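Required output: the full structure, derived from the provided sequences and hints.
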Amino acid sequence: MKDKRILYVSSEVVPYLPETEISSMSFEAPRMVNQLGGQIRIFMPRYGNINERRHQLHEVIRLSGINLVINDLDMPLIIKVASIPKERIQVYFIDNDEYFKRKATLTDEDGNLFPDNDERAIFFAKGVIETVKKLNWSPDIIHVHGWLASLLPLYLKQFYKDEPLFNESKIVTSVYNQSFDGTLNKDMHKKIQFDNIDETAVKTLESPTYNNLMKVAIDHSDALIIGSEEIPDELTNYLKDSKKPVLDYRSKDEFSEAYTQFYNTEVLD
Numbered sequence: 001m002k003d004k005r006i007l008y009v010s011s012e013v014v015p016y017l018p019e020t021e022i023s024s025m026s027f028e029a030p031r032m033v034n035q036l037g038g039q040i041r042i043f044m045p046r047y048g049n050i051n052e053r054r055h056q057l058h059e060v061i062r063l064s065g066i067n068l069v070i071n072d073l074d075m076p077l078i079i080k081v082a083s084i085p086k087e088r089i090q091v092y093f094i095d096n097d098e099y100f101k102r103k104a105t106l107t108d109e110d111g112n113l114f115p116d117n118d119e120r121a122i123f124f125a126k127g128v129i130e131t132v133k134k135l136n137w138s139p140d141i142i143h144v145h146g147w148l149a150s151l152l153p154l155y156l157k158q159f160y161k162d163e164p165l166f167n168e169s170k171i172v173t174s175v176y177n178q179s180f181d182g183t184l185n186k187d188m189h190k191k192i193q194f195d196n197i198d199e200t201a202v203k204t205l206e207s208p209t210y211n212n213l214m215k216v217a218i219d220h221s222d223a224l225i226i227g228s229e230e231i232p233d234e235l236t237n238y239l240k241d242s243k244k245p246v247l248d249y250r251s252k253d254e255f256s257e258a259y260t261q262f263y264n265t266e267v268l269d
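Counting in full-length UniProt numbering, the sequence shown runs from 1 upward without gaps.
Hints are computed from structural coordinates only; laboratory data are not their basis. Any given hint could be a false lead.
In silico BS3-like links for lysine-lysine, alpha-carbon gap of 27 Å or less [to be verified]:
1) 157 x 186
2) 133 x 191
3) 170 x 80
4) 157 x 134
5) 133 x 80
6) 252 x 170
7) 4 x 243
8) 170 x 133
9) 215 x 190
10) 170 x 203
11) 157 x 203
12) 244 x 170
13) 103 x 157
14) 170 x 157
A quick note: this is a predicted structure, and the numbers were derived from the prediction, not measured.
Right, here's the structure in full:
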């Protein structure tokens with residue numbers, strides 16, 4: 001992995017949020033690549049329950065200040081950055097007062113999904129890509145974790161398909177069992193189509209369930225990793241039918257060699 005550039009885009013990363021399968025692997029995988037001499041960048045949302053003082057987040061003025069259009073509204077993009085102690089790993093945070101100021105991640109105190117999670121996902125995907133463009137950093141691999149990050153493959157392959165910085169980038173999506181009940185906002189597909197994204201690419205999202213979000217991510221990825229010991233049967237079958245390279249589940253203690261080999265032989269080959 002020496003000198004390879006890998007962009008990790010995740011809905012959650014330790015130590016900024018509690019340990020889950022997603023937050024843990026979103027830290028362990030970049031740490032492994034970093035130790036092998038690769039170059040990494042990590043992006044996650046700056047949820048309001050992340051303690052900025054404790055984790056020493058600070059705004060990067062030169063990267064902030066652009067507006068992203070979400071469903072015909074201008075939304076200011078704020079970029080913050082922090083370093084994971086002892087690891088010499090930088091994490092970039094996508095922030096916006098409207099979407100990420102509330103003191104919670106994806107649900108309210110009663111466990112209900114926030115009604116604007118669909119727009120937050122669109123904002124996060126576009127915010128990551130616009131920031132990487134500003135950094136002028138061309139990744140060899142973009143590895144996506146978590147459903148809030150799952151629109152990134154779609155936006156890269158559709159909305160940003162003519163962006164030369166990503167011409168050679170390969171997209172890997174990890175599919176986890178960390179899902180949600182019900183659906184996101186029923187107008188989600190219309191909001192995505194506002195960005196002139198082809199209707200057929202998002203037809204599945206007329207019913208924006210967890211499984212359907214992941215199907216759209218699978219459709220627009222180059223390779224897939226099964227991130228949980230068990231995932232929904234519907235997604236297992238969809239992965240098989242995709243005819244794309246798929247790495248079976250590996251635990252946190254045994255993933256390192258398998259991921260490295262998968263990156264080198266199946267993704268970059």
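Evaluation of the provided hints:
Our distance criterion of 27 Å between C-alpha atoms is met by residue 157 and residue 186, whose separation comes to about 23 Å. A C-alpha spacing of about 23 Å is found between residue 133 and residue 191, which places the hinted pair at or below 27 Å, so the restraint holds. Using a Cα cut-off of 27 Å, the hinted pair residue 170 and residue 80 holds, with the two alpha carbons roughly 26 Å apart. Our distance criterion of 27 Å between C-alpha atoms is met by residue 157 and residue 134, whose separation comes to about 19 Å.
At most 27 Å may separate the alpha-carbon atoms for a hinted pair to count; residue 133 and residue 80 meet this at roughly 16 Å. Of the supplied pair hints, the one linking residue 252 and residue 170 holds, its CA atoms being roughly 23 Å apart against a limit of 27 Å. A C-alpha spacing of about 26 Å is found between residue 4 and residue 243, which places the hinted pair at or below 27 Å, so the restraint holds. Proposed proximity of residue 170 and residue 133 is supported: the alpha carbons are some 16 Å apart, at most 27 Å.
For the suggested pair residue 215 and residue 190, the alpha carbons sit about 17 Å apart, so the restraint of at most 27 Å is met. Under the criterion of a C-alpha separation no larger than 27 Å, the hint pairing residue 170 with residue 203 is consistent with the structure, at around 24 Å. With a C-alpha separation of about 16 Å, the suggested pair residue 157 and residue 203 falls inside the 27 Å cut-off, and the hint holds. This hinted pair checks out: residue 244 and residue 170 have alpha carbons roughly 12 Å apart, not beyond 27 Å.
Between residue 103 and residue 157 the alpha-carbon distance is near 33 Å, which puts this suggested pair outside the 27 Å criterion. Distance hint between residue 170 and residue 157 is fulfilled; the C-alpha atoms sit about 10 Å from each other, no more than 27 Å.
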